[in-house]
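Make the full structure from the sequences, and use the hints.
Letter by letter, the sequence shown follows residues 1 to 319 in UniProt numbering.
Bear in mind the hints are in silico, worked out from the structure with no lab data behind them. Any given hint could be a false lead.
Pairs of lysine to aspartate or glutamate, EDC-like flavour, derived with a Cα cap of 20 Å [as the list claims (entries may be wrong)]:
no., residue 1, residue 2
1, 225, 273
2, 260, 194
3, 179, 161
4, 256, 266
5, 305, 273
6, 166, 212
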Amino acid sequence: MDKRIIQYYEGELSNEEKKQLLQEVSEQSSLKQEMMDLQHVRSLMAFHPNEQDKLIGQRSWQRFYQLRRVKHRRKVLWNITRYAAVLIMGMFSMWWIINSMNKPEYPIAKEQKLMVPIGHRAQLILPDGTKVWLNAGSTLTYPSVFNRERKVTVVGEAFFDVAKSKIPFIVSMGKIDVKALGTRFDVSNYPSEEISVSLIEGSVKIYHPKNEENNVILKPGQQLKGENGEWLISETSEPILWQEEIYIFQDEPLAKILKKLERYYDVKFKVADSNLLQQTYTGKFRHHDGVIEILRVIQKICPFKVARSDNSNEIVLYN
Numbered sequence: 001m002d003k004r005i006i007q008y009y010e011g012e013l014s015n016e017e018k019k020q021l022l023q024e025v026s027e028q029s030s031l032k033q034e035m036m037d038l039q040h041v042r043s044l045m046a047f048h049p050n051e052q053d054k055l056i057g058q059r060s061w062q063r064f065y066q067l068r069r070v071k072h073r074r075k076v077l078w079n080i081t082r083y084a085a086v087l088i089m090g091m092f093s094m095w096w097i098i099n100s101m102n103k104p105e106y107p108i109a110k111e112q113k114l115m116v117p118i119g120h121r122a123q124l125i126l127p128d129g130t131k132v133w134l135n136a137g138s139t140l141t142y143p144s145v146f147n148r149e150r151k152v153t154v155v156g157e158a159f160f161d162v163a164k165s166k167i168p169f170i171v172s173m174g175k176i177d178v179k180a181l182g183t184r185f186d187v188s189n190y191p192s193e194e195i196s197v198s199l200i201e202g203s204v205k206i207y208h209p210k211n212e213e214n215n216v217i218l219k220p221g222q223q224l225k226g227e228n229g230e231w232l233i234s235e236t237s238e239p240i241l242w243q244e245e246i247y248i249f250q251d252e253p254l255a256k257i258l259k260k261l262e263r264y265y266d267v268k269f270k271v272a273d274s275n276l277l278q279q280t281y282t283g284k285f286r287h288h289d290g291v292i293e294i295l296r297v298i299q300k301i302c303p304f305k306v307a308r309s310d311n312s313n314e315i316v317l318y319n
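Structure (structure tokens):
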């Protein structure tokens, strides 16, 4: 295992080192799997020990134990790095705890926080099995173990594939909460931007944190948008695919598109003519197309010129 993954979760990497690691994770499927495995293990180590968790723990231990045996054949034991030793001991502790604890006590839930830098995305599995995709410039705060409630906080954008449970799953977004039992939905809550909730499957209840009685129920294919207490529910036919690195713009003004591209590609836009920002565009792009190629396609609809310095992340649009 790449020792930087352990350092990432222990908070031992600088911002630049985090960006470099996440860039490599997005490009290498094996590295991405290692990161997800360790995230899942960290969650399991605080889990309440039931039969399902015991089985997961045993399988996880066996997988890492087999990995250690392969390494052992290549190197003598005393050449294993301290990070590998820490991971193996942590895995053994997890396996022993899950198999030996029988007291029905609720473990202490420690707060975890995952911050995704601009220009990157991240995926993780929460302690209950819920899958989460975080968009660029987003932060997810969640407990290391879910006890009597399943509640997380999102700043930015996140896509949830919620594991089914009798315990409701709640996403806190400051001005509103979103409650679900088992469903797939997207939430967006970037600072200084409108809030949105888009439902893909199942159903969600949206309400003010202090007044759950006054709520709105969304059906699949519906989207709630708004800010400052003024909300609009509409039907949406376009799929949400940013978690698959596909960006869809549906009659969006250039101003909003540029904001998204700034987050996706870690660039800054400077627009010489503000009239350009009001133009609306519809299109579908893949992340690997690159920001310049996306701008070239948009230029065909409304001509403008693009200038970019080789030594800067600033892009200028002008007539």
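Hints, verified against the model:
1. Between residue 225 and residue 273 the CA atoms are separated by roughly 28 Å; this puts the pair beyond 20 Å, and the hint is violated.
2. In summary, the hint linking residue 260 to residue 194 is supported, as the alpha carbons are separated by about 13 Å, within the 20 Å threshold.
3. Restraint check: the Cα-Cα separation between residue 179 and residue 161 comes to about 13 Å, which is no more than 20 Å; the hinted pair holds.
4. Straight-line distance between C-alpha atoms of residue 256 and residue 266 comes to about 15 Å, which keeps the hinted pair within the 20 Å bound.
5. Restraint check for residue 305 and residue 273: the C-alpha separation of about 11 Å stays at or below 20 Å, so the hint holds.
6. With a C-alpha separation of about 18 Å, the suggested pairing of residue 166 with residue 212 holds against the 20 Å cut-off.
In summary, the structure is inconsistent with hint 1 from the numbered list given earlier, while agreeing with all the others.
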